[in-house]
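S.K.: Just so you know, the protein sequences line up as chains F and Y, in that order.
Going left to right, the first sequence walks through residues 29 to 661 as my numbering numbers them.
Going left to right, the second sequence walks through residues 1095 to 1668 as my numbering numbers them.
Hints in this document: simulated from the structure, not taken from any laboratory.
Note that beta-carbon positions come from the ideal geometry of N, C-alpha and C, so glycine has one too.
Don't take each hint at face value.
[What the hints assert, rightly or not] Derived coverage of chain Y by chain F (criterion: at least 3 residues anywhere in the stretch with Cβ under 8 Å from a Cβ of chain F; other residues may be distant):
| id | region |
| --- | --- |
| 1 | 1167-1181 |
| 2 | 1512-1518 |
[Claimed, not checked] The following label-pair restraints were derived from C-beta to C-beta distances:
| id | chain 1 | residue 1 | chain 2 | residue 2 | range |
| --- | --- | --- | --- | --- | --- |
| 3 | Y | T1155 | F | F259 | 29 to 39 Å |
| 4 | F | S364 | Y | P1636 | 48 to 58 Å |
| 5 | Y | R1641 | F | S364 | 46 to 56 Å |
| 6 | Y | N1324 | F | D253 | 40 to 50 Å |
[Stated by the list, open to error] Derived DSS-like pairs: lysine-lysine, alpha-carbon spacing no greater than 30 Å straight-line:
| id | chain 1 | residue 1 | chain 2 | residue 2 |
| --- | --- | --- | --- | --- |
| 7 | F | K277 | F | K255 |
| 8 | F | K511 | F | K255 |
| 9 | F | K255 | F | K557 |
| 10 | F | K511 | F | K557 |
| 11 | Y | K1223 | F | K93 |
| 12 | F | K277 | Y | K1199 |
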Amino acid sequence: MKLRVAAAGCIALVFMTSFVAPQDLSKSSIEGAVIQVGTGSPIPDARVMLMGNPALATITDRFGKYSFVGLGPGTYRIAVAAEGYARQEDGQRVLGGPQGQGTALNLTSGQALKDILIRLTPTGTVTGHVRNDRQQPAAGVQVQLVSPVYGPTGDRRLMSVGIGRSNDRGEYRIYWVTPGRYYVVTGSDFPGGSYQSIESGGLGGSPNQFQGPGYGVAFHPVVSDPKDATFVTVQSGRETNLDVVVSQKLYRVRGRVVDARSGRPPGNARINLQGRRFLEGAGAVTRTLPVYDSATGTFEVRDVPPGLYYLTANLQEPRTAGAGTSRPMPIAVSGSDVDGVILTVEPFVSISGRIRIDGPPLSAQELNTLRVNLQLSADGKRLADTSFGGIGGLRTPNADGSFILRDVMPGEYRLSFFHSPNYYVKQASYGGNDVLNQPIVVSSSPSTLNIELSPNVARITGIVVNSRQQPAPNIQAVLIPEKDRDRAELYSSATTDASGGFILTGIAPGDYKVFAWELLEPYAYFDPKNLEPVEQQGTQGNRHGVFGCNNRSAHDPRPLMFKPLKPTTDTAPRSYLFVGVEDGAGAVGAGVGAGGEGSGSGLGAGVDDGRRGGFGAGIRAGAGANGVLGMSE
Amino acid sequence: MKLAVVVTVVMLLQASSNPSGTIEGIVVRAVTGEPISGARVQAMAPPSQPSQPPQMPPVVTTDAAGRFIVPQLEPGVYRLFVSADTYVSPEYLTEKPVNVASGQKVSGIRIPLTAAGNVGGHVRDLDGKPLAGVPVQLLKPVYNFRGERTLRSAGAGSTNDRGEYRVFWVTPGRYYVLAGSAVSIRRPPLSGAASPNEMPGQSVLPTYYPNAAELSGATSIEIQSGADLNGVDFAVERQQARRIRGRVVDATGRWPSSATIRLVTLSAIGGTSGRSSPQSYNPIDGTFELQDVPPGNHEVIVEVTSPGAPGPPIPTPVIPEGGGRVGIVTGIVGGRALVTAGAQVSVQVAGADVENLVLTIGAGVPINGLLVIEAASRGPATDGLRIQLVPSRRGQIVSFVQAPGPTAANENGTFTLENVVPGEYRVQVIGLQPDFYIKDARFGARDVLNAPLTLSATTSDKLEVVVSARGGRIQGAITNQDSGPVAGVAAVLVPNDHRDRPDLFRNVTTDQNGRFVMNGVAPGNYKVFAWETMEPFAYYDPDFIKRYEQKGQAVNVAESSTPTVDARLIPAGQ
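Work out the full structure: start from the sequences and follow the hints.
M.R.: The following block contains the structure:
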């Protein structure tokens, strides 16, 4: 990641120099046309965006033609948007895929690139009626099409590809949808926020809409769990009719709180109910009002729409003596009230630990950037659908490598690290148990966490070639460990350069395979079902290399040869949008709307309150968030 | 705050030993009297203290005959919130408060609701092609929390790919209709945007019905109760977003080594939205470029910051007491660096790119001043006082301009506001104790309490601010026609003079006994009003006040006086 950023900086610098240079005759140009896929008919009024330095945009003429002239040498990408067509980058392999994945055009001084044709696919439409469970039109209901995508650690999440909102007749219309297979999500996680003014980036509605608990998040056909949902297929140039039903029923969630120390109800507890996060970038909002009776330890949360939630109880203010919390309890509200939930609160514990280096001590800078995080897990799998965040975010360890993780609630976690790419985590143990490949289980009497870093990282260089043995540029080479495939930090990927070459650095010693797919949606390689078909192929022929990587042989300068694999997964178009991983504030940022950094007209008050009311929002939301992101690249 | 919440919970639980009461009634359609089923009713108890946030009560729904029963009510005063699909939800509690004694069954409450109306139409471009994703808003002239006349959205929709829009459940009345919004052109992907395949850089000229570019050329439409108004169509000009290019120079023709260029867009209906990008400034030749600027009115602001200097906290807009319900402009996220120089230019972007815009920066100048504190000795009570200059435009505070941070005075009262960029400001004092008021503010000889402070680069004037601890304290009660106390109603203090100073107004909610207290009132003549129903901030509207001038209870406040004034509730509909 850092490397890439640095490279971009260099390009910018080069450009600056050329920008102030006196006008020369060696200006370059790019020209071409935008046409419809299949028919080849020209698309006028398309916006063609040249991404590079400078970033330029132009509109195609009535013959679909565009041109950029007077360009300096450098690397450019082209993206095109047109009304009624899926946004497309030149050379983009996945329709509606992430930006920056298209072909990079390297423009030399004086070069004139001609006939760059960009083919656009017509979008589809999904329209229909939203009705409530009494078959009446339901007004102001948000209807969203979402696409399952992989997160940067292989977790599944849902990305929105189109939003509509029903009017008073229940009619909705989601237009300009990139063809594909999507889930349909109704309702939103924001109680009382059904009316969003245009000025605050919303889609409008009426202030006369009921501002109380409304329709919770549900999947078509009226199910809470995406596993039970059905897909809708959006076809290019077609209108799909889909009527959806939303439930107006509200339920209660009741239970009691027990203090693990005394076995009695705590004198003071705050109950939070948060929707489980399925949607990319969506924040979980604490809903309804919690009422806790300290005499009996019972609580009741009223007016809960059907859905999947996490319920927690926490004690007093964080960071004071006696503060603590219960582990988030998954709750499914569907068709009936939920009773008898028992939340066991325990005080936070502090875990002391030490980092040892198998080699010379870390520099002050490397020590400063080192982070150790705990991320909630269940059965060894990180919980990606909570916004309760990770714990830790260890600030600079002491010079001797000792550190303390504070305010840890007892429970199961996976460790994650953020460290310099010059090191790998050789081992981690907690109370004598391996916690690198196994989850760490924290009890009320904490043990010591010992972490060993080693500078003996490996580097892998290689070349990806196509079936004609020619170098394959702009292909992702992915390093996948042979075992411990639940450790996302062992994965590594790099995109091949113009001569098909790639470099993977900071590799922990071990056995790996390198894969190169011609077409694979981002991060899909974390999914075993995508690896299984190609895994077997690998041991035969030359399609990918299987090799041992340890700190001696990996420095072998001879490049390995790889061939891109043919697409093996479902080739339905997928899309991916990069939004912060664990940061519960995502939706808030999104809601601010209009103007990018520093903007904000009318931030939804409900959102703000929800965040503040959320469990430990301030203390840990950010803490555990960034580690994994940094690790995987 | 947290403590207060806990106290409520405990009180509720303790009170549960009392026999509970109920409120029964019927919700009907106004005029016809036909019952409304499925209406939602909530009984809200005014908070026991004005500072406490109200708790959301449970919802009961009316049956097929429009009847409702709100069960399990502790003794107390309740106001009923009623909401039903296709009807107008009263903005404030329209019904008279209901007093529920221990175990009492209150019945016979009749709540009429007015049917809302709907409006729909098409938005097309000048060639008749449908325009997708164009916001359409119904707007009503109102006053906002700062006392500014502005337009409030009374409902909004967005066109689909066929150019159709529909704004539903609109409160009957007269409205202007606006298609397009200067603010929302660059909606970020997927937050409210209908489709990620929308074309960036597209805009339409914000247009009032019927096809007027300015509000002055607009005609209002009437939305009638229970009716659909169709065919409110627009032909609007499709516009490309434009570019603003120019350069930054100082008086000597040099340019800064780093600068941030901000673009602040003035919304057609009041409020602002902005963005900034450090990349838009080229330090090599002092040029800047802002892309994708929607047509409309903008402010281009350049700020030169001193790198590494700690940023002052974000200035918060002054919100009069009780005025915190409407947030129009929020602050800026994150820390800010200290501005050492800056400039601001208003730009109207229409059919062409803006080129060669020259932003001449003036270096920040120091303002020396003196804080005089009357009737209070220096100590903990006065240590928190900070003098602050808040950027304003034509007297109204704006939020997207950097300003020097709040500054404390020295022991002897002197203070220096460093690096103040020439421009217009309002003087504020923050950290006022409850009985404190700002008695005077002068810049040189000019009054800068009742007028904005305009700073030039060559000024040597001194800023003198007088804060007095002798603020008046008004207490009283709001009573109804039967002289009974009215709980949970807004008691509003309106000054007789200087009605353009929102800080002289007070808006406090009466407690369970109908009583209120207003602190730190500057000496002068005032009136206390209490309306049973009132649009938010309507009291800033001179026409509104004029209608009720005779119904306000006059009160004269002298320094340190504690006048008592009881005011009569002005019933709804008067």
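S.K.: If a hint holds in the structure, say so; if it doesn't, say that too.
M.R.: Status of the hints after comparison with the structure:
For the region 1167-1181 of chain Y, the stated coverage by chain F is satisfied: 4 residues place a CB nearer than 8 Å to a CB of that chain, which reaches the threshold of 3. Check on the region 1512-1518 of chain Y: 0 of its residues sit with their Cβ under 8 Å from a Cβ of chain F, so the three-residue criterion for coverage is violated. Take Y:T1155 and F:F259: their Cβ atoms lie about 35 Å apart, and the range 29 to 39 Å holds. Distance hint check: the CB atoms of F:S364 and Y:P1636 are about 57 Å apart, consistent with the given range 48 to 58 Å.
About 54 Å separates the C-beta atoms of Y:R1641 and F:S364, a value consistent with the hinted range of 46 to 56 Å. Taken as a hint, the range 40 to 50 Å holds for the pair Y:N1324 and F:D253, whose Cβ atoms sit roughly 41 Å apart. For the suggested pair F:K277 and F:K255, the alpha carbons sit about 22 Å apart, so the restraint of at most 30 Å is met. About 28 Å separates the Cα atoms of F:K511 and F:K255, which keeps this hinted pair within 30 Å; it holds.
For a cut-off of 30 Å, the pair hint linking F:K255 to F:K557 stands: about 16 Å separates their Cα positions. Distance restraint check for F:K511 and F:K557: the Cα-Cα separation of roughly 15 Å lies within the 30 Å cut-off, and the hinted pair is therefore satisfied. Restraint check for Y:K1223 and F:K93: satisfied, since their Cα atoms lie roughly 21 Å apart, inside the 30 Å limit. Simply put, F:K277 and Y:K1199 have alpha-carbon atoms about 28 Å apart, close enough for the 30 Å limit, and the pair holds.
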